[in-house]
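Novice: Okay, here's what each chain looks like letter by letter:
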Amino acid sequence: MSVTTVLDLQQVTKRYGDFTAVKDVSLEIPEGSIYGFLGPNGAGKTTTIRMILEIIKPTSGTISVFGRPSALEVRERIGYLPEEKGLYKKMKAWSIVAYFATLKGLNRREAKKRAYALLERYGLKDFADQKTEALSKGMGQKVQVLAAIAHDPDLVILDEPFSGLDPVNQQVMEEVIRDMAARGKTILFSTHVMQHAERICNRILLIARGEKIFDGTITEAKRTIPRRVRIETDSDIGPLRSLEEVVAVTAIDEEGIPLGAEQIGGPHWELQIKESADPDMILQSCFDNGIRLRRFDHTDPSLHEVFVNLVGEGAREASYR
Amino acid sequence: MKYAWLVALREYAENAKTKGFWIGLLIFPIIIFMSFQLQFLLDKATPTRYVAVNDRSGNYMEAIEKELEWLHKRDIFRAFGEYAKKYSKASSGEKSQKIDFEKVPAVDAEAMMDQFSESNREVVQQFFESGGIEQSLQLMEPMLVKDRPEFEEPKYRYRLVPMPEIESPNDPKAAAQEMKAYLKGDEKITVDGEEEELFAYVQIPEDVAATVVRPGAPRMPTGEREGVEYWSTNLADTDAKDVVERAINAELRRAEYVERGVDFSQVEQVEKTYVPFVSLNAKKEEGEEEVSLADQIRQWAPVGFVYLLWIGIFSISQMLLNNTIEEKSNRIIEVLLSSVTARELMMGKLFGIAAVGLTMLGTWIAALFAVVFLKAGPEAELANGMLEVLTSSGLLPAFAIYFFFGYLMYAGMFLAIGSVCNTLKEAQNLMGPVMIIMIVPLFTMMFIPKDPNGTLATVLSWVPIYTPFIMMNRAAADPPLVELVGTGVLMVGFTFFVLYLTSKVFRIGILRTGQPPKIKELFRWMRS
Numbered sequence: 058m059s060v061t062t063v064l065d066l067q068q069v070t071k072r073y074g075d076f077t078a079v080k081d082v083s084l085e086i087p088e089g090s091i092y093g094f095l096g097p098n099g100a101g102k103t104t105t106i107r108m109i110l111e112i113i114k115p116t117s118g119t120i121s122v123f124g125r126p127s128a129l130e131v132r133e134r135i136g137y138l139p140e141e142k143g144l145y146k147k148m149k150a151w152s153i154v155a156y157f158a159t160l161k162g163l164n165r166r167e168a169k170k171r172a173y174a175l176l177e178r179y180g181l182k183d184f185a186d187q188k189t190e191a192l193s194k195g196m197g198q199k200v201q202v203l204a205a206i207a208h209d210p211d212l213v214i215l216d217e218p219f220s221g222l223d224p225v226n227q228q229v230m231e232e233v234i235r236d237m238a239a240r241g242k243t244i245l246f247s248t249h250v251m252q253h254a255e256r257i258c259n260r261i262l263l264i265a266r267g268e269k270i271f272d273g274t275i276t277e278a279k280r281t282i283p284r285r286v287r288i289e290t291d292s293d294i295g296p297l298r299s300l301e302e303v304v305a306v307t308a309i310d311e312e313g314i315p316l317g318a319e320q321i322g323g324p325h326w327e328l329q330i331k332e333s334a335d336p337d338m339i340l341q342s343c344f345d346n347g348i349r350l351r352r353f354d355h356t357d358p359s360l361h362e363v364f365v366n367l368v369g370e371g372a373r374e375a376s377y378r
Numbered sequence: 192m193k194y195a196w197l198v199a200l201r202e203y204a205e206n207a208k209t210k211g212f213w214i215g216l217l218i219f220p221i222i223i224f225m226s227f228q229l230q231f232l233l234d235k236a237t238p239t240r241y242v243a244v245n246d247r248s249g250n251y252m253e254a255i256e257k258e259l260e261w262l263h264k265r266d267i268f269r270a271f272g273e274y275a276k277k278y279s280k281a282s283s284g285e286k287s288q289k290i291d292f293e294k295v296p297a298v299d300a301e302a303m304m305d306q307f308s309e310s311n312r313e314v315v316q317q318f319f320e321s322g323g324i325e326q327s328l329q330l331m332e333p334m335l336v337k338d339r340p341e342f343e344e345p346k347y348r349y350r351l352v353p354m355p356e357i358e359s360p361n362d363p364k365a366a367a368q369e370m371k372a373y374l375k376g377d378e379k380i381t382v383d384g385e386e387e388e389l390f391a392y393v394q395i396p397e398d399v400a401a402t403v404v405r406p407g408a409p410r411m412p413t414g415e416r417e418g419v420e421y422w423s424t425n426l427a428d429t430d431a432k433d434v435v436e437r438a439i440n441a442e443l444r445r446a447e448y449v450e451r452g453v454d455f456s457q458v459e460q461v462e463k464t465y466v467p468f469v470s471l472n473a474k475k476e477e478g479e480e481e482v483s484l485a486d487q488i489r490q491w492a493p494v495g496f497v498y499l500l501w502i503g504i505f506s507i508s509q510m511l512l513n514n515t516i517e518e519k520s521n522r523i524i525e526v527l528l529s530s531v532t533a534r535e536l537m538m539g540k541l542f543g544i545a546a547v548g549l550t551m552l553g554t555w556i557a558a559l560f561a562v563v564f565l566k567a568g569p570e571a572e573l574a575n576g577m578l579e580v581l582t583s584s585g586l587l588p589a590f591a592i593y594f595f596f597g598y599l600m601y602a603g604m605f606l607a608i609g610s611v612c613n614t615l616k617e618a619q620n621l622m623g624p625v626m627i628i629m630i631v632p633l634f635t636m637m638f639i640p641k642d643p644n645g646t647l648a649t650v651l652s653w654v655p656i657y658t659p660f661i662m663m664n665r666a667a668a669d670p671p672l673v674e675l676v677g678t679g680v681l682m683v684g685f686t687f688f689v690l691y692l693t694s695k696v697f698r699i700g701i702l703r704t705g706q707p708p709k710i711k712e713l714f715r716w717m718r719s
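Respectively, the protein sequence lines represent chains P and X.
According to my numbering, the first sequence is numbered sequentially starting from 58.
According to my numbering, the second sequence is numbered sequentially starting from 192.
Rather than coming from a laboratory, the hints here were simulated on the basis of the structure.
Treat the hints loosely; a few may be bogus.
[Said to hold, decoys possible] Okay, the calculated beta carbon distance ranges per label pair:
#	chain 1	residue 1	chain 2	residue 2	range
1	X	Ile710	P	Lys146	30 to 36 angstroms
2	X	Thr614	P	Arg165	32 to 38 angstroms
3	X	Asn425	P	Lys146	49 to 55 angstroms
Nothing here was measured: the structure is a model prediction, and the numbers come from that model.
The beta-carbon is built from N, C-alpha and C at its ideal position, and this holds for glycine as well.
With the sequences and hints as input, model every part of the structure.
Specialist: Below you can see the structure in the form of structure tokens.
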């Protein structure tokens, strides 16, 4: 592959006393990708990001950013939006954006120009000269995102960029990410909301309890779950069990969660089918056997399901926190 | 270092914009200016105070009247002196001659005042005997500028008024009770046709001679009120009482002399004789041993500097604490740390805030001299002289050095505290002990100049956190070189040690959320 690796982590571990926050995580992020860090709260996403940025040092393992061992050496090429958002209350919006840009190596005049341009572009022109304490939470967060990208970094790291935003502004945030990706920038962001990742990421890292669970494209992720068909019916599904293409039949509830063995099944069922099987064949078989369907669903599993499948029941709870 | 500079620049710019900074900057000059101005205003605004004397013995009325009259004449004389100086052609033209403070002998302020007013007594009397204001104005006319307001006599400070008509002036107890109404303002006295409030009432009983205290004949207290009674509702202003008391006792003594057959004019002569008394400093070069006014300034100026040092260090360290906590509680710190190292951030903050503090201190010192200079007259010469003495004495460089290290030391501690706390409230708990430690130099400030190389001063000098204050305090007294260098080295070493520990605590603490660490944990961070 001719694509350069922007970020390379090798067996990175971070321990706080007896507690292991991140364990043996290795990963490579190619240039130009939109990379999602997915995992429940406390999974080690923020710790990993902090280590990448050299805010904290890993206990063991190596990290290289743009081929350098230290992120601070290439600070002008990195932009960062932390998970917990905050701004200097008494500073004006433009001056905060400009200040962070100068800390990334931009000269003061250029920084000021960029700050105004960005604020105007993302609809904050009228607030550029206001103190940040006068801004709403959403606006403040936008200002902070702009502060993170004002110096036009090649690698942007966003920790939970969608949290605290209303749907409209989540949309804007997605646009910002897509804009940058379109200009060849590499974006790494963490989230625990799978839908965002599913919509905009081309690669994801699944992490839980400090350990890497999956790393790859979305399609690859979905393939980790066997193909399945979900049906809803009051009829006896006995005939389907005997089909050659059907590997297993599980009783599930309305939301697709498998029921325990002691519970009585129906009306929702999940049929695991062979990789080669055609779902239409199952449908045909239902008609043939007089099984009256209220629902037939053979869509790909969502990332959320992949996640639940990979991480297990415990993490599923966590992912909704 | 470039990034530390950027951080410092922001700290300076943002802090210089705050209201607190401007209030701090202006309040001090305003206070100084006001205290100058207030003195002047107070003198003008204080109304004439009326004193009534009920002298049943009949011996002292005249003496009191004379004393108050003399007081007033002296006021007129002084006011006229200032008037003449203000409007003389010389003062508006060339500058008056500079005073060399090294040559002006140090004086005990109180003794000087006594001598001055005594010798003045004759001058004042002569002035009024030879025609007073009118005559003097005529004589001085050619030397005064044409464009000047009329001379206005100052009003009486204390004025004797006749006793109001009361029912039983002869019965001391009843009279005092009756006079209470006047003192409390329920009844008014009439002066020159106008109603005025009585300020003080003095009651001299008929048998006052029997209550006179004499050496060798101790009197047992009878439990009754004896002697002269001074009644007033304002007992804070003791001037009126002092004047009356002085007049009565002077008259009493005069009578006593006469009774014993001593010639009183002889006594007066004798009382004005004295031998000159000079203080000498054995440490100084031959020929210059005389303790001059400059020496006194040098001796006491450090106290002022210690005070400035303390206020300066404390107020800006506080600023540092506040804004570290702001960054921490807002989580701005994380963005900062993705751009600068913890050390760069710390240095930037230390120096940015130091610059804020220096701006404030510089403005204060400048304002102090500006205010003094702006007031024309002898004060300007005084300020000039003081400035010269200070610049030549090495006190200013000492101040700069002790400020620098003292600031770094305390700012380091405050920064460490700020980095482990999430809220100002948490920080205040930790600040308590630091405050108690810090307040010590303020207590010792006034004692140390009296015994600058004594045990207390020496011991405290060797405690690094007190070195800047105590050594500044002792600066004028030529502390032994060993101590000067030794404590200096210790202070610099300790400062670096504090900053080293601070950088350790800061790096870990600043990212930490939740409860402030326990002492044990802090030590672990410091060792890491």
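Novice: It remains to establish, for every hint, whether it holds in the given structure.
Specialist: Against the structure, the hints come out as follows:
1. Ile710(X) - Lys146(P): 30 to 36 angstroms: 32 angstroms, holds
2. Thr614(X) - Arg165(P): 32 to 38 angstroms: 33 angstroms, holds
3. Asn425(X) - Lys146(P): 49 to 55 angstroms: Check passed, 50 angstroms falls within 49 to 55 angstroms.
Going through the hint list in order, the structure satisfies each hint without exception.
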